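Asks: With the sequences and hints as input, model every part of the structure.
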Amino acid sequence: MSEKILYSYTGLFDTPDEIINAAEKVSEEGYKKYDINTPYPVHGMDAAMKLKPSKLGYAALVFGLSGTFTAILL
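Just so you know, we're using the working numbering here: the sequence shown kicks off at 2 and counts up by one.
If you're looking for bench data, these hints aren't it; they were derived computationally from the structure.
Hints are not guaranteed to be accurate.
[As the list claims (entries may be wrong)] In silico DSBU-like pairs for lysine-lysine, Cα to Cα no more than 30 Å straight-line:
| id | residue 1 | residue 2 |
| --- | --- | --- |
| 1 | 51 | 34 |
| 2 | 51 | 33 |
| 3 | 5 | 51 |
| 4 | 26 | 56 |
| 5 | 33 | 53 |
| 6 | 56 | 33 |
| 7 | 5 | 33 |
| 8 | 26 | 5 |
| 9 | 51 | 26 |
| 10 | 5 | 34 |
All values derive from a computational prediction rather than experimental measurement.
Replies: What follows is the structure in structure tokens.
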């Protein structure tokens, strides 16, 4: 018999601490590809999900400076 694949799971939490605890437990169970949706930012969620730091800030800096220097030269 083949192993069943989990496609979706939904939970409802009252506090940000409960959400972070749930994310830590999901990470501990070995799940690597999952997402959490909240109506507001939850600080510490990226650490609880064990996500790598984003490189988007560096790209925004490079392209922002490039645009600034291009505008100055024109």
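Asks: Does each hint hold? Answer for all of them.
Replies: Here's how the hints hold up against the structure:
no. : hint      : in the structure
1   : 51 <-> 34 : holds (11 Å)
2   : 51 <-> 33 : holds (9 Å)
3   : 5 <-> 51  : holds (25 Å)
4   : 26 <-> 56 : holds (26 Å)
5   : 33 <-> 53 : holds (12 Å)
6   : 56 <-> 33 : holds (19 Å)
7   : 5 <-> 33  : holds (17 Å)
8   : 26 <-> 5  : holds (20 Å)
9   : 51 <-> 26 : holds (11 Å)
10  : 5 <-> 34  : holds (16 Å)
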